[in-house]
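A.B. asks: Sequence:
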Amino acid sequence: TGLPQYAALETLRSTLALRAIPRRIECSDISTIQGSETVAAMVVCEDGRMKKSEYRKFRIRGVGPRLQDDFAAMREVVQRRYRKVVEDGGPFPDLILIDGGKGQVTAAYEALESVGLGNLIAVGIAKREELLFTRDRRDPIVLAESDPALLLLQRIRDEAHRFAVTFHRKARTMRDLRSEL
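The C-terminal position of the sequence shown is numbered 209 in the working numbering, with every residue numbered one higher than the one before it.
Honestly, the hints are just simulated from the structure, not real lab data. A quick note: this is a predicted structure, and the numbers were derived from the prediction, not measured. Don't be surprised by glycine CBs; every beta carbon is placed ideally from N, CA and C. You may find that some hints are simply not true.
SDA-like cross-link-like pairs, simulated, lysine to any residue; straight-line CA separation at most 25 Å [stated by the list, open to error]:
{"#": "1", "residue 1": "K198", "residue 2": "R52"}
{"#": "2", "residue 1": "K112", "residue 2": "D98"}
{"#": "3", "residue 1": "K80", "residue 2": "E38"}
{"#": "4", "residue 1": "K198", "residue 2": "G90"}
{"#": "5", "residue 1": "K155", "residue 2": "V170"}
{"#": "6", "residue 1": "K80", "residue 2": "D167"}
{"#": "7", "residue 1": "K80", "residue 2": "V193"}
{"#": "8", "residue 1": "K155", "residue 2": "E74"}
{"#": "9", "residue 1": "K130", "residue 2": "E187"}
{"#": "10", "residue 1": "K130", "residue 2": "K198"}
{"#": "11", "residue 1": "K112", "residue 2": "E187"}
{"#": "12", "residue 1": "K130", "residue 2": "S81"}
{"#": "13", "residue 1": "K155", "residue 2": "D167"}
{"#": "14", "residue 1": "K80", "residue 2": "V113"}
{"#": "15", "residue 1": "K79", "residue 2": "D167"}
Restraint-style ranges between C-beta atoms, simulated for each label pair [said to hold, decoys possible]:
{"#": "16", "residue 1": "A45", "residue 2": "R77", "range": "20 to 26 Å"}
{"#": "17", "residue 1": "R190", "residue 2": "E115", "range": "24 to 30 Å"}
{"#": "18", "residue 1": "G90", "residue 2": "Y34", "range": "26 to 32 Å"}
{"#": "19", "residue 1": "R77", "residue 2": "V193", "range": "17 to 23 Å"}
Modelling step: build the complete structure from the supplied sequences, incorporating the hints.
C.D. replies: Here is the structure:
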């Protein structure tokens, strides 16, 4: 299983013009329903394998209870996550994957720059079209449906989405239980 992962990581390196193979990829996703109980999740993939011990959950504080602002939520979670990474002295990701398009990537870079990590590389992956968005390119990157790099990014994004939705459901259940009592 190591060979296909290496091929996918090497393809990512060349496609995104990275200096080295992205051994550590962190992916963030936001989950909300009409601005209610907005939460985020962050998952970690090292050498093509998910590292569940490093998954993190976040309750979004800065977005109002009835406002649905994915960009502000993404900015908040990225800022909180990487402020903690700076305080702890690492580990720093080789690539940050954002579930979303150009707007979410821009919000992520604003947060990274605010904590002094504007040099990290972030890329967004939009659902449906499966396009990759970067800060430096105006047009998205299109990879073939069967490209191992795209399949790896989709797997990471889907895991972040699953983790975020599960946390969101639990948060809603706890809210409903609190209101009943």
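A.B. asks: Does each hint fit the structure? Answer for all of them.
C.D. replies: How the hints compare with the structure:
1. K198 to R52: Cα-Cα ~28 Å, so violated.
2. K112 to D98: With a Cα-Cα distance of about 21 Å, the restraint between K112 and D98 holds, given a limit of 25 Å.
3. K80 to E38: Satisfied, since the Cα-Cα distance of roughly 23 Å is no more than 25 Å.
4. K198 to G90: holds, 20 Å
5. K155 to V170: Judged against 25 Å, a Cα distance of about 12 Å means the pair holds.
6. K80 to D167: violated, 33 Å
7. K80 to V193: Distance ~16 Å between K80 and V193 Cα, so the pair holds.
8. K155 to E74: holds, 23 Å
9. K130 to E187: holds, 21 Å
10. K130 to K198: Status violated; Cα separation ~29 Å.
11. K112 to E187: holds, 22 Å
12. K130 to S81: Status violated; Cα separation ~29 Å.
13. K155 to D167: Holds. K155 to D167 sits at ~16 Å (cutoff 25 Å).
14. K80 to V113: holds, 17 Å
15. K79 to D167: Given that 25 Å is the threshold and the Cα spacing comes to 32 Å, the pair is violated.
16. A45 to R77: 20 to 26 Å: holds, 24 Å
17. R190 to E115: 24 to 30 Å: holds, 28 Å
18. G90 to Y34: 26 to 32 Å: The hint (26 to 32 Å, Cβ to Cβ) is violated, given that G90 and Y34 are roughly 39 Å apart.
19. R77 to V193: 17 to 23 Å: Hint holds: Cβ distance 22 Å, inside 17 to 23 Å.
Hint compliance for this structure: hints 1, 6, 10, 12, 15 and 18 are broken, all remaining hints hold.
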